[in-house]
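Assemble the complex: chain A is given as a structure, and chain B must be docked to it using the hints.
The lines below spell out each chain.
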Amino acid sequence: MVEKLSGAEMVVRALQDEGVEYLFGYPGGAVLHIYDAIFQQPKDAENKVHHILVRHEQAATHAADGYARATGKPGVVLVTSGPGATNAVTGIATAYMDSIPLIVISGQVRSDWIGDDAFQETDMVGVCRPIVKHSFMVQRTEDIPEIMKKAFYIATTGRPGPVLIDIPKDKTAPHIKFPYDYPKTVKMRSYTPITKGHSGQTRKAVDELLKAKRPVIYAGGGIIMGEASEELTALARRLGYPVTNTLMGLGGFPATDELSIGMLGMHGTYEANMAMHNSDLILAAGARFDDRATNDASKFCPNAKVIHIDVDPATISKNVTADIPIVGPVKQVLSEMLSMLDEHPGKPDEKAIASWWEEINGWRQVHGLRYETGEMMKPQQVVQALYKATKGDAYVTSDVGQHQMFAAQYYHFDKPRRWINSGGLGTMGFGLPAAMGVQLAYPDAVVACVTGEGSIQMNIQELSTCMQYGLPIKIININNQALGMVKQWQDMQYGGRHSQSYMDSLPDFVKLTESYGHVGMRVDRIEDLDAAMEEAFALKDRLVFMDIYVDPTEHVYPMHIADGSMRDMWLNKTERT
Amino acid sequence: MRRIISILMENEPGALSRVVGLFSQRGYNIETLTVAPTEDPTLSRLTLTTYGDDRTIERITKHLNKLIEVVKLVDLSEGEHVEREIMLIKVKASGAQRAEVKRTVDIFRGQIVDVTSTVYVVQLTGTSDKLDAFIEAIGEAQVLEVVRSGVSGIARGEKTLSL
Numbered sequence: 095m096v097e098k099l100s101g102a103e104m105v106v107r108a109l110q111d112e113g114v115e116y117l118f119g120y121p122g123g124a125v126l127h128i129y130d131a132i133f134q135q136p137k138d139a140e141n142k143v144h145h146i147l148v149r150h151e152q153a154a155t156h157a158a159d160g161y162a163r164a165t166g167k168p169g170v171v172l173v174t175s176g177p178g179a180t181n182a183v184t185g186i187a188t189a190y191m192d193s194i195p196l197i198v199i200s201g202q203v204r205s206d207w208i209g210d211d212a213f214q215e216t217d218m219v220g221v222c223r224p225i226v227k228h229s230f231m232v233q234r235t236e237d238i239p240e241i242m243k244k245a246f247y248i249a250t251t252g253r254p255g256p257v258l259i260d261i262p263k264d265k266t267a268p269h270i271k272f273p274y275d276y277p278k279t280v281k282m283r284s285y286t287p288i289t290k291g292h293s294g295q296t297r298k299a300v301d302e303l304l305k306a307k308r309p310v311i312y313a314g315g316g317i318i319m320g321e322a323s324e325e326l327t328a329l330a331r332r333l334g335y336p337v338t339n340t341l342m343g344l345g346g347f348p349a350t351d352e353l354s355i356g357m358l359g360m361h362g363t364y365e366a367n368m369a370m371h372n373s374d375l376i377l378a379a380g381a382r383f384d385d386r387a388t389n390d391a392s393k394f395c396p397n398a399k400v401i402h403i404d405v406d407p408a409t410i411s412k413n414v415t416a417d418i419p420i421v422g423p424v425k426q427v428l429s430e431m432l433s434m435l436d437e438h439p440g441k442p443d444e445k446a447i448a449s450w451w452e453e454i455n456g457w458r459q460v461h462g463l464r465y466e467t468g469e470m471m472k473p474q475q476v477v478q479a480l481y482k483a484t485k486g487d488a489y490v491t492s493d494v495g496q497h498q499m500f501a502a503q504y505y506h507f508d509k510p511r512r513w514i515n516s517g518g519l520g521t522m523g524f525g526l527p528a529a530m531g532v533q534l535a536y537p538d539a540v541v542a543c544v545t546g547e548g549s550i551q552m553n554i555q556e557l558s559t560c561m562q563y564g565l566p567i568k569i570i571n572i573n574n575q576a577l578g579m580v581k582q583w584q585d586m587q588y589g590g591r592h593s594q595s596y597m598d599s600l601p602d603f604v605k606l607t608e609s610y611g612h613v614g615m616r617v618d619r620i621e622d623l624d625a626a627m628e629e630a631f632a633l634k635d636r637l638v639f640m641d642i643y644v645d646p647t648e649h650v651y652p653m654h655i656a657d658g659s660m661r662d663m664w665l666n667k668t669e670r671t
Numbered sequence: 598m599r600r601i602i603s604i605l606m607e608n609e610p611g612a613l614s615r616v617v618g619l620f621s622q623r624g625y626n627i628e629t630l631t632v633a634p635t636e637d638p639t640l641s642r643l644t645l646t647t648y649g650d651d652r653t654i655e656r657i658t659k660h661l662n663k664l665i666e667v668v669k670l671v672d673l674s675e676g677e678h679v680e681r682e683i684m685l686i687k688v689k690a691s692g693a694q695r696a697e698v699k700r701t702v703d704i705f706r707g708q709i710v711d712v713t714s715t716v717y718v719v720q721l722t723g724t725s726d727k728l729d730a731f732i733e734a735i736g737e738a739q740v741l742e743v744v745r746s747g748v749s750g751i752a753r754g755e756k757t758l759s760l
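In order, the protein sequence lines correspond to chains A and B. Each residue of the first sequence is one higher than the one before, counting from 95 in the numbering used here. Each residue of the second sequence is one higher than the one before, counting from 598 in the numbering used here.
Okay, chain A solo, but in the shape it has when bound (with noise of 0.2 Å):
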């Protein structure tokens, strides 16, 4: 017989159906049922579904994000009517620009007061419309179990994303049940993913790839989402080409292979910003040509073919023309150019691929990511020591600004999912958060959280749920007391003329920190660096929250410029391309 539940316990039933650890979330009016329900699980029941109280719902979104990213597995929020919900929407925008699977079950009010502003309401479904991968609003209880299917169907296949699923209080009221029967698949005829890739197109892709004779790979965050990986560094290796990684795709290719050339973009190094402009061919494996990968799209590698990659049509040709455009999978798609290239008579056109590689040596000696010591601490110096006491080996979060990109730079990613930071939307108060959901859900593993003193207050209020789920994230804080890339453009662009860009009135981040029952540590001078590096990653159970003071006049670089193309760069403070 089929067992009959309240539309909370379906609720929860489906999360249990669905094998999700963690629900990240905030309890309030509209969504008192579903807290219930989540108490009343069996304490040892074997698929219990965990829930981890965040202090604000950001922080929610951005835990079940880190999560996502860190496992591959859709994150899970949960969250009340009105203001639990737009509370929710920075994180819901910020999961949306970098493709991350999520749940977001937003409360309502009772359906007889949609649209009367009961209280606490908001169309929820009408605010995050445009951030959503999709959305759903439930009209009748017995519809539950197949939404959540068709929810978790949608955020995790083809082009992952968010989805919504927003419930009035009254559908989920605890006296009226219906049967229970979750579905084990879902079809929707308005929505088929593409499994695989045209085979004719990856015929010609392989046959333009052992043509060419400036060839590089431009691998994107679809290589991690997509876990493909192992099959991008077969063909890279396969064919001895370069390989440059965006922000996003970090990990994707191991940094310190020989043929990495580093990341590239408004801040990637000379050599691959170099080798791009100069290249015939272009092999773009789940990238997106992001205005901050490219630069002017219109200057952007003027003499290259692009082959370009990926498993959403619309992100073909959007804002570089496609020569061969292959709608696909990327881990499959790869993996059939690999059979083809064992089929195929030609190979690589050795010599010039050699000369190619002596050219791309050549800019490496040029900048090589180097930068000017002095009495003060560098922000690059930080990174580095973390490189070392972590042995390249920690899952590494970030915020945004220099920081991140100083991460992006001078940490040298080996594996996918260690680095997860906001590229796309670009949002401070991301690290903190994310961090908690990649703690959670490797217990064992170094969790890094590279921030600024900016950036750390904007979900500094976390701390306390590190605290109640013993959550031994290391903070580093990379202190300059300002607004680094804001103050950065200001220098370089505005004159020098620092409006709003500096932060006074900093809290006593260390006392902070021991008020919320951590462990706090200011370090100022270079040489401390190393030994309290090593004491706060020794101390295992602890969260540690570094406070590092660093040179404030410190730039990011090389640094495009502005409306040029791929070659046009900032080495440093007075010298460009």
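In case anyone wonders, no lab produced these hints; they're calculated from the structure. None of the values given here were measured: they were computed from a predicted structure.
Under the rule of at most 25 Å between Cα atoms (straight-line distance), these lysine to aspartate or glutamate pairs were calculated in the DMTMM-like manner:
{"id": "1", "chain 1": "B", "residue 1": "663", "chain 2": "A", "residue 2": "240"}
{"id": "2", "chain 1": "B", "residue 1": "663", "chain 2": "A", "residue 2": "321"}
{"id": "3", "chain 1": "A", "residue 1": "167", "chain 2": "A", "residue 2": "112"}
{"id": "4", "chain 1": "A", "residue 1": "290", "chain 2": "B", "residue 2": "666"}
{"id": "5", "chain 1": "B", "residue 1": "659", "chain 2": "A", "residue 2": "384"}
{"id": "6", "chain 1": "A", "residue 1": "278", "chain 2": "B", "residue 2": "666"}
{"id": "7", "chain 1": "A", "residue 1": "399", "chain 2": "B", "residue 2": "651"}
{"id": "8", "chain 1": "A", "residue 1": "393", "chain 2": "B", "residue 2": "655"}
{"id": "9", "chain 1": "B", "residue 1": "669", "chain 2": "A", "residue 2": "406"}
{"id": "10", "chain 1": "B", "residue 1": "663", "chain 2": "A", "residue 2": "385"}
{"id": "11", "chain 1": "B", "residue 1": "663", "chain 2": "A", "residue 2": "417"}
{"id": "12", "chain 1": "B", "residue 1": "659", "chain 2": "A", "residue 2": "385"}
Okay, the calculated beta carbon distance ranges per label pair:
{"id": "13", "chain 1": "B", "residue 1": "653", "chain 2": "A", "residue 2": "666", "range": "32 to 42 Å"}
{"id": "14", "chain 1": "B", "residue 1": "662", "chain 2": "A", "residue 2": "470", "range": "48 to 58 Å"}
{"id": "15", "chain 1": "A", "residue 1": "564", "chain 2": "B", "residue 2": "651", "range": "51 to 61 Å"}
{"id": "16", "chain 1": "A", "residue 1": "113", "chain 2": "B", "residue 2": "627", "range": "39 to 49 Å"}
{"id": "17", "chain 1": "A", "residue 1": "286", "chain 2": "B", "residue 2": "757", "range": "11 to 21 Å"}
{"id": "18", "chain 1": "B", "residue 1": "662", "chain 2": "A", "residue 2": "240", "range": "20 to 30 Å"}
{"id": "19", "chain 1": "B", "residue 1": "704", "chain 2": "A", "residue 2": "286", "range": "49 to 59 Å"}
{"id": "20", "chain 1": "A", "residue 1": "283", "chain 2": "B", "residue 2": "624", "range": "25 to 35 Å"}
{"id": "21", "chain 1": "B", "residue 1": "757", "chain 2": "A", "residue 2": "217", "range": "35 to 45 Å"}
{"id": "22", "chain 1": "A", "residue 1": "589", "chain 2": "B", "residue 2": "614", "range": "38 to 48 Å"}
{"id": "23", "chain 1": "A", "residue 1": "217", "chain 2": "B", "residue 2": "699", "range": "41 to 51 Å"}
{"id": "24", "chain 1": "B", "residue 1": "614", "chain 2": "A", "residue 2": "133", "range": "34 to 44 Å"}
{"id": "25", "chain 1": "A", "residue 1": "460", "chain 2": "B", "residue 2": "651", "range": "38 to 48 Å"}
{"id": "26", "chain 1": "B", "residue 1": "752", "chain 2": "A", "residue 2": "438", "range": "36 to 46 Å"}
Cβ atoms here follow ideal geometry from the backbone N, Cα and C, with glycine treated the same way.
What follows is chain B alone, placed relative to chain A:
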């Protein structure tokens, strides 16, 4: 270039707002829009006209196709098609103008569907160009009110937009 995009989509609450929202979100314009359920009540047929070069239209159709509720779509202007728009137009019709208006209506094969001593309501069907031409022929000074349905369209021949 003017395009007619015809969309078959799930007849569900919120589906229309997603289509319309996509245009404003991505900076495209909708010139006309018409939507109603099909013979299958679970499906709606939406027809819209917009202006854009090939690249823009390709982007629009790709993004529309990504909407979960969009089942299929076609750019009717790519092939042979029939397009019609209906217009109800209230015009001044008194004195000497009365006969002149009637003659113009006949020339355009319109119908007078409501009459008072000073006003005609004219119903006219055709391509958008024809409706524009009628307004011009009558003279803007004579026009009291115009209601247009927006364009509906269908491909000629065997081609269909269906499941």
